[in-house]
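K.L.:
So the protein lines, in turn, are chains A and B. Note that this note's numbering has the first sequence beginning at 4, numbered continuously upward. Note that this note's numbering has the second sequence beginning at 720, numbered continuously upward.
Calculated directly from the structure, the hints in this document are not laboratory data. Among the clues, some could well be false.
Covered stretches of chain A (in silico footprint by chain B; criterion: 3 or more residues with CB under 8 angstroms from a CB of chain B, positions within the stretch not fixed) [what the hints assert, rightly or not]:
no., region
1, 97-108
2, 114-121
3, 360-371
4, 377-384
5, 414-420
Idealized CB from N, CA, C, for every residue including glycine.
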Amino acid sequence: MSNLLSLLDVGAAGIAAQNAGVAVATNNVANANTQGYSRETVDFESLVGPPALSGVLTSDPTRYASELLNGQARTANGSLSMSTSSASALSGLEDSMTAGSTIDTQLAALFASISQANASPTDSTQRQAVVSSLQNVVTSVHDEASAVSQAQQQANGRIDDNVTQASQLASQLAAANAQVAQNDDPTALDQRDQIAQQLTALVGGQARVDSDGQMRFVLDGGAVLVDGSHAASLQTTPNTTTGFSDVEVVDGNTTRDVTQQIGGGSIGADLAFRDGTAATAASQLDQLAYDIGTSFNNVSTQNAALDGTTGHAMFTAPTQVAGAAAALEVDPSLAADSSNLALAAAGASSGDNTGGLALFALSSQTVASGGTKTLTDASLDILGNVGSAVSQANDDVTRDQTLTSNLSSLQDSLSGVDTNEELANLSKFQNTSEAMTKFVSTVNDMLTNLIQSL
Amino acid sequence: MRVTNMYMVTLAQQANEKNQSTVAQLSQEVSSGLAVSKPSDNPTAWIEAQRAKVEQTINDGTGQALQGGLEKINATDGALSTLSQLVSQAQSLAVEGASASITSDARADAAQQVTGLLQSALAAVNTKDVDGTYLLSGTAVNTAPFDATGTYQGNSATTSVASSANGTSQDSLAGSALDAGTNSVNIIQTLGDLATALSGNDVTGIQAQLANLSTAVSQLATTRAQVGGMMSALQSAQTAQQSLSTTLTTSISGLVDADAVQSASNLAQASTALQVSQAVTSKVLALLQPSS
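So here's chain B without its partners, still in its complex pose (with noise of 0.2 angstroms):
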């Protein structure tokens, strides 16, 4: 084959073209990480990466929700414990009041007692959310749960969140379980007749509303671990979500990202090649010369 001097000449700007061009994508891997950085780099790890990102943005939101609902569960468990903690205190009021060796003018002041008692357990059931919602009214969320008679104003529905791309968890109680029902009774409202019986020295009616308030703990014990299995509930979701979290970042990063050694050795090679070439074109340029 004859070889003409242009031939030589194309020949090694062809090289010297191509490892510069190698030398340029390597040094912008290894500076930037990325072995992926756009659809053409692979399409199909890119797609794959990109699907990645899209699930964890979600599962991210998806947290962030759980967490809300975690803070909302936690507040309700709250507001529940206060309010055992006052229909324990108002039990033993009760069995004071309905004893026989009281008198009239001590019932007259645990029934004082009882009402105090009666505004706080009213505070803790009409609790507000963060966002100024209220807690315990179902899905009615804007109005108080109990009025100041203890009725109950809100709903039976509950909430969820999404838990994952396809499930969910609850992430309220509706007040209606603190309300009179089968095996329950209204609980504000019988702190509200214990006061009445108390302020009355009606020892029946007294004796009548420990039995009730003995119900409102079994009902508050049952409602609580309802609270407890919802909570449990969404931190377990929590702990997937944050799992799924750790497994989508180290897939996107398989994915995408370069292997620091190997591209930096990559590199080293490429920049010889482009040296190799740059001498080699010194050479023919050279040889070339007319005076040579």
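Here chain A stands alone, though its shape is the one from the complex (with noise of 0.2 angstroms):
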């Protein structure tokens, strides 16, 4: 009778294992949709007790994840969300340039009607066409660096929101690790790996988990943004100079730069156009028009007016290099009044336009970028620049997309959640549930007959 009631345990054990499993079943399909969702599996344990009588033991969920796979993961998500965010930036930058008519067009055109001047080198209407083409490239020169810099400043703004986003996820980070640290919940490590594919997604890094199941977050260059339950704080402060926003980790009283630092994520590409392809552009554009200013005002200045006197200037002079796009502007003398265009040699006529032709001449002479290029293709140089920069980056994205694609579909082979599969395993489960319930009913009639025939 002892046996037939042992029987009953291994009844009753043998249900409850059943119902574990059709608990992580139906947990499975109902998280089936579930971003960063790990599949869980029971694992039956058969037991054997003396002298022969079995059962089944139930141990905790196993859960389906691999750190290896999260980790390639989050990497190839970072090294995304930077290429895209650099595609976005620089696809604006370039769309913003070129929405205008261009600096080379501009200079063409300059270049067309002084070339028109020289053949009525005293005509006024032709003077003013000279006039009106110089203030269209001042235009287009104004208008690319200002696309430029507008592009900066929106970088800057996103960097500042995503900085503070990025902290709270570290902060966020560092308490699911205390969670996972108090009860290895696998809801709490999903939880966790999705924190760290968002963070790796703002500022790239390492999000490694070590031997004591705690997970680290290290930044491009060293700075530890999470270690355990402790997380450093990342700030945005204005760089006096640049006037941008510089990144800096906080922990403690402790200050740390890490703005040259942070390569990945949408953080990292925004830094990089920011101070990199922008930065270049504006550097560039400043060159350029300083070349403009001080080419032309070179010739300008040694030839004649319409009424002969020399030393007429047809840019405000550019003092400097930096900030000469923004600082160009048409001589006021000459705005005023097109007559003081010098298109004669000096000590000649009115009617001589020597001058002019060393002003046409600059279409082809390389007086830009260290004498080096012509005026045009500086200009075009900046514009194919930025194109090379979209059109790299686009490529970048596709390659990120698909190492990203190729490592979900693992992650997902590994982790997701087959519905086919689940209601198969609810089916099986149900249906050992019922043959153990059934078994507990005759080991009861049993039971019950024996106490009967006593």
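Join the two chains into one complex using the hints; note that each chain is given alone, in its own frame.
P.N.:
Now the structure itself:
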């Protein structure tokens, strides 16, 4: 009789085990569309007790996740986030720089108007056309410089916002670590992975799970952002020289500038854009504006205006390269009176166009970029560089999308929920549970018969 | 490899997005006719095309300058042609006036005719360009080349226009070519001197001006030949400029224009691929319906 009673225990344990399986399968199905969820399974363990009784035991559900795969996916996601953000910022810059008439186009129109004025050097209409073309060149330089400046400001704004968000995620990651340390709950692990992935998408870096089960997040360059349940914070501080924000890691009393070290995620993309491509374009525009002003003025001041006087500039004389694009203006006296356009050689009569021919010759002279390029080629180089950067970024996006997609499919293959599989498991657990119920019922009948026969 | 429901949906979604993006890009290409519309489409081709456009704009300006130069030279040639006719007429009158058989009254009449010719000659050499400047005063374009006495007031400088990026063509003639110099005479003053000799019944003086008129005819022929050379050079430059314009247009087209047939074919293929991926997505979603 004691053996029969033990059989009831075996039956009860079996029913409980199947119920646990049903619970896990149901939870899997419920989370089939939950981002970052890793499927779980129930492991049954056969028990053999003395002398012949057996049973089943369920351990905690097994979570199907690979830290190696997750780490690779985080890195790939950070890379994708960076290339996507770069492509977006660069495309925006390219669109705004080419929205109006570009500098090369306006320079070409200026040289064409000078050429026409040379055929009638004293004609006020032709002279005024040259002055208008000069104004158009100035406008195009201002427009492109403004586009670059605005793009840098927008990137800076995004950096400020994303740094705040990254700092919050670092705190959340530390909190998730603390929760995992207290209770190795699969849901907490999933949430921690999700937070780490979001953080990587913002700042790049590396998140690794150490042997103690705690995740550590280290930025490129080595600054530790999260160590177990402790998180440093990220903040931005205005740089008095550049006017843009520097990114700092604050850990207690220690502040570390990581602006140059963040090389991944959307913050890394915006930093690279703001301080790299856009900054280069801005300095190239300054150099071009300086070269335009200097080269035209050098020719113009040596030649004679309509009244025979010399020393007339075409642009306000640029004093330095930095800021030359924003400062470029048509010389006020020329803007007010086109007769100040110096088309004649010094000492020559007003119908002479030697000065005008010298101005036209600038179209083919390498007077820009330290005497290595023509003015139009230098202006085309600026847009060409931006275009190449956009093209490269788009290629990077395609590459990173492919890598992320492949890793995502591998992750999904391991951790994703297949509802068909779970439904089959549910049926299996249900059938087994019914069988166990029948088993218990049979044992119970046997016990009843035995008791009645006593 | 385990294939989950989410993986199938994601795969179908990615295929749809990719195909939709391709169709959008090709539609833009077919509708605009441009394969390269911004630098990032093809940085190298865009820069080359933009460089060609810059060259074309400058070349167009050069073309207009050459046209202006040609008009100026044509007007100059017209003035010289008129002057040649006037000198020829004066030469005929001088030959008649130098004849011993005609009377002093006839010489006085001839003097009046030569005076008329002189006024016409002054008008011809003081011809203005369409912009109101004098054609034959060198670069002193606001000064009438010859005053009433026939004294040349201009200078001997000439102007040129750009005929290419690095070349120039002369587009003006200084009136000094009509002034006295080595083997040349002041043509206007010669006419004036002839009128004076005729009115003064000065046969010797008339004969002296006949020699000067002969020199003037030769001088004008040489000058007109010089102008003809300028005209020819300007026309050659204009032809080269027009040829360059055509070359640049072809070059730009080759760099940025889409191959219409190829683009349309690609669009058709991409559209088909999109339809297929949409159908696959529909099937996948149907498979995932709980009822199935």
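K.L.:
All hints, please: hold or fail.
P.N.:
A quick look at each hint next to the structure:
no. : hint    : verdict
1   : 97-108  : holds (count 6)
2   : 114-121 : holds (count 7)
3   : 360-371 : holds (count 5)
4   : 377-384 : holds (count 4)
5   : 414-420 : holds (count 5)
Of the numbered hints listed earlier, not one is contradicted by the structure.
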